[in-house]
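Please work from the sequences and hints to get the whole structure.
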Amino acid sequence: GTASVLATYLLVRALFISGGGRRETPAAPWLALGAALLQTISLWHLHLSRDGSRVVLLPLLLTLGLWLLWCGLRGAGRWTAPSFAGAGACLALTAYTYLPARLVPLLVLVLVGHLGWSRRAWLRTRGWGVLLAGLVATVVLLPLAVYYAAHWQALVFRMEMVSLTNPAVHGGDPWGLLAHNVAGTLGM
Numbered sequence: 434g435t436a437s438v439l440a441t442y443l444l445v446r447a448l449f450i451s452g453g454g455r456r457e458t459p460a461a462p463w464l465a466l467g468a469a470l471l472q473t474i475s476l477w478h479l480h481l482s483r484d485g486s487r488v489v490l491l492p493l494l495l496t497l498g499l500w501l502l503w504c505g506l507r508g509a510g511r512w513t514a515p516s517f518a519g520a521g522a523c524l525a526l527t528a529y530t531y532l533p534a535r536l537v538p539l540l541v542l543v544l545v546g547h548l549g550w551s552r553r554a555w556l557r558t559r560g561w562g563v564l565l566a567g568l569v570a571t572v573v574l575l576p577l578a579v580y581y582a583a584h585w586q587a588l589v590f591r592m593e594m595v596s597l598t599n600p601a602v603h604g605g606d607p608w609g610l611l612a613h614n615v616a617g618t619l620g621m
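Sequence positions in the sequence shown follow our numbering and run 434 to 621.
Read the hints as simulated data drawn from the structure, not as lab findings.
Here the structure is a predicted model, which means the values were calculated and not measured.
A few of these clues could be false.
[Unchecked claim] Computed beta-carbon distance windows for the label pairs: (1) 617 - 560: 42 to 50 Å; (2) 532 - 471: 19 to 27 Å; (3) 487 - 539: 29 to 37 Å; (4) 483 - 595: 46 to 54 Å; (5) 560 - 613: 12 to 20 Å; (6) 561 - 616: 46 to 54 Å; (7) 575 - 456: 25 to 33 Å; (8) 514 - 605: 49 to 57 Å; (9) 532 - 603: 18 to 26 Å; (10) 470 - 618: 16 to 24 Å.
Here a beta-carbon is modelled for each residue, glycine too, at the ideal position from N, C-alpha and C.
Okay, structure coming up:
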């Protein structure tokens, strides 16, 4: 729990560095501190931290992985390769924490794809790092992939249990159930 707050602070602060990674915007420390504070008092963060289950590792590993990826994409120096390798490891380890983490590769592909499209020359010089992160992620994910290849139902079981498209879940009214769940979440 506490490490996730630090990781959030580091990620938000890193996102507000400009000038080729050399200059921090004046508001960066305050924005980072505000994000860390909001996470600290979040009901979900407090609950999952106290629960002590593996689910609490998802925010830590995802935030740390995105911070390391951003540091690798942003910088050029001796810490660039370890940043990319660490990002690949952290982002891949999220798959071992909580089933919705299977969307993390999609998130990373969208981020890197957007950067590749909008800043082609910038990403072209860092393509090796993205490949390094992908290679490390593949090695970390290999045992889980082998398990899921042999036990396909374990991969989709939970999604089928909670899916709004499952009639046993929505009872004939998927939109009503969705509205009820959104209202309940907003009411927390």
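Right, here's what the structure says about each hint:
no., hint, verdict
1, 617 - 560: 42 to 50 Å, "holds, 44 Å"
2, 532 - 471: 19 to 27 Å, "holds, 25 Å"
3, 487 - 539: 29 to 37 Å, "violated, 21 Å"
4, 483 - 595: 46 to 54 Å, "violated, 23 Å"
5, 560 - 613: 12 to 20 Å, "violated, 46 Å"
6, 561 - 616: 46 to 54 Å, "holds, 47 Å"
7, 575 - 456: 25 to 33 Å, "violated, 40 Å"
8, 514 - 605: 49 to 57 Å, "holds, 54 Å"
9, 532 - 603: 18 to 26 Å, "holds, 19 Å"
10, 470 - 618: 16 to 24 Å, "holds, 21 Å"
Checked against the numbered hints given earlier, the structure breaks hints 3, 4, 5, 7 and satisfies all the rest.
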